[in-house]
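Number of protein chains: 2
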Amino acid sequence: MKLIKNSILILFIMTTTISAFAQQALFGGQDIKSPEIKADNSVVFRLFAPNADTVQITGDFLPTEKMKTQWGEFDAPGKALLKKDEKGVWSFTSAVLKPELYSYSFIIDGFTTTDPNNPFIVRDVASVTNIFIIGGGHADLYKVNDIPHGTVAKRWYDSPGLGMDRRITIYTPPGYEKSNEKYPVLYLLHGAGGDEEAWATLGRTAQILDNLIAQGKAKPMIVVMPNGNVIQDAAPGEGHEGFYKPQFMVAKTMDGTYEANFMDIIKFVESNYRVKADKANRAVAGLSMGGFHSLHISRYYPNTFDYVGLFSAAILPNQNVSSPVYADIDGTLKKQKDNGYKLYWIAIGNTDFLYQANTDFRKKLDDMGFKYTYRETDGGHIWRNWRIYLSEFTPMLFK
Amino acid sequence: MKLIKNSILILFIMTTTISAFAQQALFGGQDIKSPEIKADNSVVFRLFAPNADTVQITGDFLPTEKMKTQWGEFDAPGKALLKKDEKGVWSFTSAVLKPELYSYSFIIDGFTTTDPNNPFIVRDVASVTNIFIIGGGHADLYKVNDIPHGTVAKRWYDSPGLGMDRRITIYTPPGYEKSNEKYPVLYLLHGAGGDEEAWATLGRTAQILDNLIAQGKAKPMIVVMPNGNVIQDAAPGEGHEGFYKPQFMVAKTMDGTYEANFMDIIKFVESNYRVKADKANRAVAGLSMGGFHSLHISRYYPNTFDYVGLFSAAILPNQNVSSPVYADIDGTLKKQKDNGYKLYWIAIGNTDFLYQANTDFRKKLDDMGFKYTYRETDGGHIWRNWRIYLSEFTPMLFK
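These protein sequence lines map, in sequence, to chains H and Z. The first sequence begins at 62 in the numbering used here and counts up by one. The second sequence begins at 62 in the numbering used here and counts up by one.
It is possible that some hints are incorrect.
The list cannot tell twin chains apart, which means a pair is met if one copy fits it or any two copies do.
Claimed, not checked - The calculated lysine to any residue pairs, modelled on SDA-like cross-linking and capped at a C-alpha distance of 25 Å, are:
{"id": "1", "residue 1": "243", "residue 2": "329"}
{"id": "2", "residue 1": "145", "residue 2": "115"}
{"id": "3", "residue 1": "239", "residue 2": "275"}
{"id": "4", "residue 1": "398", "residue 2": "363"}
{"id": "5", "residue 1": "145", "residue 2": "114"}
{"id": "6", "residue 1": "204", "residue 2": "224"}
None of these hints come from the bench; they were simulated from the model.
I would like the entire structure built from these sequences, with the hints used as guidance.
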């Protein structure tokens, strides 16, 4: 009877991963490490591409570049050239980087693609990019540390209003399953192009909450991450429509349908989880389109949430949309004000294209004596800011 | 006060996804669809790469090619050339494909990479490939259909034996949360290079179970997918070691440590879920290294599982390993036989490099009168077979 020998292990390798290895380490004679974070927090990126003429890297750690388009000039992530060695390995060393979660892609002879040596990738709408973390400071909140961890579940709930079962991401805090306690709930909404995956992947919600709870900075809470696209039962690839290319805006995204049916989500959560089902223990927050949704959900149900967070929020509905949800914005805001709340938090970056819209909205709130807390950061309409906003918002909840 | 107009929506697009769009649709003047599944189940693959000299596709739907290496000759996924049009778009149309979940990569001037127009990707060890599904037949089990869905949770459990909190994937069937019933449990183990993500992503376990349960073919059951690498608390990138390049074999993988501490997992499941905690309602199965683990766990705890599945199993321990787990293989197999069980299922592909080892093992079982059911398929040591084995094994459980 045969025993497994090392040669069998080599065979394992050959058969299970031959296409991956063929391209690089085993046959290329290269053992590529990319990205390599140096002790001083500079980062070396490497790519084995002996036939390429030029290899560039583009990422949000490089100085932005102005990009001219038919709609005007915009900031785009910068680019840098890699240099090729005699073995066909291209490399680039970044400046010393500050703590942050960064993303990047390679551009090989004009073709933008992922780093084959870095399997850590996130999808944003239809595009996939590599990520890495420079630890320290606020970026330590994005790491998995050796602390108690909550559970992240992908569940399906029935939405009678939308007439379908829908997928939802739910974070329950460490100890939830073994506890008899009831918990407060944060409803956390994604932006256009996102879905029930976005906050958990791009936003690192579970890591941020685990860390803040372990540090005693945030109260243990449930975080509910629904899908804000009412025509979808689930994220692309996760629903009954199968695999299709995600779009930035889908139909019926900001027409009132989501807000009008939001109680289906609250009812599901409050009948399936041990929650404190009252205003003092409900928060709603979201980024961009999710900030829009949070604004309108919180005033349309004006006695439901004690905590509201608008992160780089799109503010007001398209003037072509006629929905009862948007019929009496001023009146419902006034009701929300009169009913009272603990925190109305508005955060935006100083180069965000929605900066002026948020300034106008704050003026409107000022004029009606509607209290809010304002937080302005550097930067634009980017996930880097939304992770920071989540990290700052959640410690203020349910106190 | 400003209303949001279409121009704002364009700005959204510009700022949130500029790096993705820059490469292709908006500025390249191309709206690429890839892959496109035609009505006859041929598939068109497209890539916009005007500067490339050659573009190939490699995938498991192409005829295999012989690959010579220093260790011998192996079957590798085949390749095909794409053809470039005047706009710089390369394309290739496959043959009419049979129902299956397929994976592929592009090779651009010798550089293997993903399809930037297909965000549906899976990681296998350190490599990332695109996937698509040709529906029909058994492949319909891999699709998300419009039926009740179970929940997939990523949780952490305490393993006193390994001295750490560890991440685990748990599928609970549709209705679990609202039911008072107790459920049977399948422990489903991954292969070398895998982790607690593998069965859920590459194996499409939730889709297969949802579909089989909806069709009345499998009993509602809980499926527990642990991490079989005892030095890891979680999959690469999901644990406290942060992001690092996954390896095919990690330390202490097949040295008895996992089997010796497997009761930590069973205890966690049986004290945290509504389960039928008896032999008749426990199954253990796994692929490759996970088949090895299933073989040894089921005989080391010889009165624990009524159902055992060895999928392309690595059979016997390395002769250099000395663990009490492997000290009395024949004796514990005999005990397992004498104690009785309902199903011992051995499945393997006829070109698997472990075929002979499985034949030898079956001979050993025959010689000792140890009953098993044998299933031989075409093909080798590949996920395609393991999805089929899971689809065939689960309907036989807990009947």
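Item to check | Non-conforming hints, listed in increasing numerical order | outcome: none
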